[in-house]
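Visitor: The primary structure of each chain is shown beneath.
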Amino acid sequence: GGIITQTPKFLIGQEGQKLTLKCQQNFNHDTMYWYRQDSGKGLRLIYYSITENDLQKGDLSEGYDASREKKSSFSLTVTSAQKNEMAVFLCASRSLGDQDTQYFGPGTRLLVL
Amino acid sequence: QEKVQQSPESLIVPEGAMSSLNCTFSNSASQSIWWYQQHPGKGPEALISIFSNGNKKEGRLTVYLNRASLHVSLHIRDSQPSDSAVYLCAPNSGGSNAKLTFGKGTKLSVKS
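Protein chains in written order, with our numbering: chain F, 1 to 113; chain E, 1 to 112.
Among the hints, a few may not be true.
[Claimed, not checked] Among chain E residues calculated to face chain F with C-beta under 7 Å, some are: (1) Ala46; (2) Arg60; (3) Phe102.
[Said to hold, decoys possible] In silico DSSO-like cross-links for lysine-lysine, where the CA-CA straight-line distance does not exceed 30 Å: (4) F:Lys70 <-> E:Lys57; (5) F:Lys83 <-> E:Lys111; (6) E:Lys56 <-> F:Lys70; (7) F:Lys18 <-> E:Lys107; (8) E:Lys104 <-> E:Lys3; (9) E:Lys111 <-> F:Lys57; (10) E:Lys111 <-> F:Lys22; (11) E:Lys104 <-> F:Lys41; (12) E:Lys111 <-> F:Lys18; (13) E:Lys107 <-> F:Lys70; (14) F:Lys83 <-> F:Lys57; (15) F:Lys22 <-> F:Lys71; (16) F:Lys22 <-> E:Lys57; (17) E:Lys99 <-> F:Lys71; (18) F:Lys22 <-> E:Lys104.
I should point out that these hints are in silico values taken from the structure, not numbers from a laboratory. Built from N, CA and C at the ideal position, the CB exists for glycine as well.
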């Protein structure tokens with residue numbers, strides 16, 4: 001088995017601030033993902049990475065940067081936090097086989113004051 | 001872009017009843033369909049997937065896939081209060097496209 005760790009668990013920021021979220025996985029998976037989850041809107045893909053140093057934009061990449069420093073870690077940066085923003089950011093990973101399971105971390109909860 | 005619709009938005013069933021959740025998707029090339037369960041404050045967890053037309057049974061869970069109508073359903077037999085969660089449907093296009101597309105989910109509440 002493996003685990004996905006996300007830090008921090010809770011993040012409170014100020015409007016306009018640059019905020020960084022981190023994700024680590026020990027599954028040795030090739031592909032990693034960042035999703036944003038808002039109430040009533042489901043999961044929306046922000047960025048994903050098929051391998052180390054690869055970056056692919058998802059449907060919601062504007063306002064975010066990402067970095068795949070090594071196979072086990074994937075970081076997401078909110079470039080300028082929006083006032084009253086509240087969302088959960090979920091990191092996930094999986095191997096590239098069609099039948100392979102995608103595993104999720106517990107999430108980082110963001111609140112912007 | 002894949003479109004995924006789930007119904008109903010919310011479902012309340014008594015303990016011991018059958019829970020039935022539906023999902024339609026737009027991409028006929030989707031190779032497998034996944035169902036995820038998400039409890040409050042947690043990340044989604046993979047429950048069951050189906051690849052071939054027809055049905056697949058695992059314990060109290062049964063999934064039906066109809067590729068012609070682009071429809072998949074999840075049925076939970078003998079529903080328990082611990083089954084109360086949000087259920088997410090996610091088609092997988094497979095191949096070089098590494099993305100899953102998620103529906104907005106069905107919130108299931110099982111009342112004891």
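Visitor: The structure should be examined with respect to each hint, and the outcome stated for every one.
Guide: Do the hints match the structure? See the list:
With its C-beta approaching chain F no nearer than about 5 Å, Ala46 (chain E) sits inside the 7 Å limit, and its interface hint holds. Interface hint status for Arg60 (chain E): violated, as the beta-carbon distance to the closest one in chain F is roughly 19 Å, over 7 Å. Satisfaction of the interface hint for Phe102 (chain E) is found here, the shortest Cβ-Cβ separation to chain F being roughly 4 Å, below the 7 Å cut-off. Among the hinted pairs, Lys70 (chain F) with Lys57 (chain E) is inconsistent with the structure: their alpha-carbon atoms are about 38 Å apart, more than 30 Å.
With a CA separation close to 38 Å, the supplied pair Lys83 (chain F) and Lys111 (chain E) exceeds the 30 Å bound. Among the hinted pairs, Lys56 (chain E) with Lys70 (chain F) is inconsistent with the structure: their alpha-carbon atoms are about 37 Å apart, more than 30 Å. As the CA atoms of Lys18 (chain F) and Lys107 (chain E) are separated by approximately 33 Å, the hinted pair breaks the 30 Å bound. Between the alpha carbons of Lys104 (chain E) and Lys3 (chain E) the distance comes to roughly 11 Å, so the proposed pair stays at or under 30 Å and holds.
For a cut-off of 30 Å, the pair hint linking Lys111 (chain E) to Lys57 (chain F) is broken: about 41 Å separates their Cα positions. The hinted pair formed by Lys111 (chain E) and Lys22 (chain F) fails the criterion: a straight-line CA distance of about 38 Å is larger than 30 Å. With a CA separation close to 6 Å, the supplied pair Lys104 (chain E) and Lys41 (chain F) stays within the 30 Å bound. With a CA separation close to 43 Å, the supplied pair Lys111 (chain E) and Lys18 (chain F) exceeds the 30 Å bound.
Taken as a hint, the Lys107 (chain E) and Lys70 (chain F) pair is broken in the structure, with Cα atoms around 36 Å apart against an allowance of 30 Å. About 24 Å separates the Cα atoms of Lys83 (chain F) and Lys57 (chain F), which keeps this hinted pair within 30 Å; it holds. As the CA atoms of Lys22 (chain F) and Lys71 (chain F) are separated by approximately 13 Å, the hinted pair is consistent with the 30 Å bound. For the suggested pair Lys22 (chain F) and Lys57 (chain E), the alpha carbons sit about 37 Å apart, so the restraint of at most 30 Å is broken.
This hinted pair checks out: Lys99 (chain E) and Lys71 (chain F) have alpha carbons roughly 18 Å apart, not beyond 30 Å. At roughly 25 Å between alpha-carbon atoms, Lys22 (chain F) and Lys104 (chain E) fall within 30 Å of each other, so this suggested pair holds.
Violated hints for the displayed structure, listed by number in ascending order: 2, 4, 5, 6, 7, 9, 10, 12, 13, 16.
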